[in-house]
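S.K.: Now for the letters of each chain:
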Amino acid sequence: MPSFEYSTPTTVDQAIALLNQSGASALAGGTDLLIHLRAGIVAPKQLVDLSALDLNYVRKDDGIIRIGAMTTFAEILDSDVVRRDLPCLAESAAEIGAVQTRNMATLGGNLCSAVPSADSAPPLLVYDARVKIAGSDGERLVPLEQFFVGPKKNALKPGELLIEIQASVPLPRTGARFLKLGRRKAMSLAVVNVAARLTLGQDHRRVENVRIALGAVAPTPRRAKRAESVLQGSDVSESLIDRAARAAADEIAPISDLRATATFRRESSRVLVKRALTHAWQMATGETKPND
Amino acid sequence: MIERQIELRVNGQSFTILVKPQDLLVDVLRDQLGFTGTKKGCGTGECGACTILLDGKPVNSCLMPALRARNKDIITIEGLGTPEHLHPLQQAFIENAAVQCGFCAPGMLLSAKALLDANSHPTETEIRQAISGNLCRCTGYAKIVQAVKAAAQAMTQGDGNP
Chain H
1 MPSFEYSTPT TVDQAIALLN QSGASALAGG TDLLIHLRAG IVAPKQLVDL
51 SALDLNYVRK DDGIIRIGAM TTFAEILDSD VVRRDLPCLA ESAAEIGAVQ
101 TRNMATLGGN LCSAVPSADS APPLLVYDAR VKIAGSDGER LVPLEQFFVG
151 PKKNALKPGE LLIEIQASVP LPRTGARFLK LGRRKAMSLA VVNVAARLTL
201 GQDHRRVENV RIALGAVAPT PRRAKRAESV LQGSDVSESL IDRAARAAAD
251 EIAPISDLRA TATFRRESSR VLVKRALTHA WQMATGETKP ND
Chain Y
1 MIERQIELRV NGQSFTILVK PQDLLVDVLR DQLGFTGTKK GCGTGECGAC
51 TILLDGKPVN SCLMPALRAR NKDIITIEGL GTPEHLHPLQ QAFIENAAVQ
101 CGFCAPGMLL SAKALLDANS HPTETEIRQA ISGNLCRCTG YAKIVQAVKA
151 AAQAMTQGDG NP
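Order-wise, the sequence lines are chains H and Y. Per our numbering, the first sequence starts with residue 1, numbered consecutively. Per our numbering, the second sequence starts with residue 1, numbered consecutively.
Each hint should be verified, as a subset may be incorrect.
As the list claims (entries may be wrong) - Coverage of chain H stretches by chain Y, computed from C-beta distances (three or more under 8 Å per stretch; other residues unrestricted):
{"#": "1", "segment": "2–15"}
{"#": "2", "segment": "47–60"}
{"#": "3", "segment": "98–106"}
{"#": "4", "segment": "160–172"}
{"#": "5", "segment": "216–224"}
Treat the hints as calculated values from the structure; they're not laboratory data. For each residue, glycine too, the CB sits at the ideal point set by N, CA and C.
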């Protein structure tokens, strides 16, 4: 392994000062970075270890859930707040790697990796999450949708640090579901991953708000807005969900690679979107509970 | 690159050693401290042979700079039992023939220990999930799952020396 300097700042300001030095790279959980280091894909002069920063928390205040960027997926799975209010995120955390990966990998790291298959991205997209970014000029809040700018490319400027993920507590009559298709049950990169959220009106039929997001079927994790518009404002039904699922499959841009062909990804996306929406619908009407 | 002096706590014992920033925990444990029970398999966090417990939780020591393990409690397979007093999991692995070549066994045992520490009556699904980050190319897993079940039973009946 090539050599590098190593620092362990204890405040975000210190971390940003270090990250502004040339050749510095942030070290979160390390489950991607250490592999890339060994393979020579990256060669930073300095690693800035973020583990001593106070960025490991799940808090809820004023209807906003705040998750520190260094919170591990094991901690997300253990969080009562996430399991109750953002069940779709907990479902995705359970699908990431295996126990060892989840004890190391962090939510902030997964988002910053900006890989198209990042499992935590579709759930956070359907919850309209925002990311808080700190830099030498202060902090800014960016909608997660704008954070992914290309394959493995995020919206961070040099020297910036993602410090917090925020999502609003969903309204009543909301259901959500994350589904992942992989080649095996553990340690698997998604062939397709899908999240859907439905919020119904007081009549328990009209779709007040809907979000559908997919991963591994486009250069970035992305929403399926045409599919959302099929449902938005209409009375939810099986046939409408069917149409929305077809619309989602039409608007994605999957590629063929060693894990699956584009055709298989498109058809799998249709099926997963349909299943996720159906489950979200049942959950929104109270027929099923989170994590059923 | 400048070496740094750090203290690592392994199996309840403190060691003061010199490490470089790029030294991985698995290499330091094996090559500097002699805990060669920790195996290095894929080196990319896929196979789980290098699993150790860090503050009680299974992690891949091949993906962790040794500097990051400062001020943490590390348990390796050498800390699980002794030849005279095997851990109930080790006893159960022997009795159920859950070890063939043995390369995965240290990581497998530590993942199983973390499971039983948190959940004394795991279901078969929970056992399979707990060891899903540990690859075994010999056994087909059936005997391993059987052994973890037997160990759980032995430990809850107070049979054995946890």
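S.K.: Now look at each hint and say whether the structure bears it out.
M.R.: To see whether the hints hold, each was checked on the structure:
no.: 1; hint: 2–15; verdict: holds (count 6)
no.: 2; hint: 47–60; verdict: holds (count 3)
no.: 3; hint: 98–106; verdict: holds (count 6)
no.: 4; hint: 160–172; verdict: violated (count 0)
no.: 5; hint: 216–224; verdict: violated (count 0)
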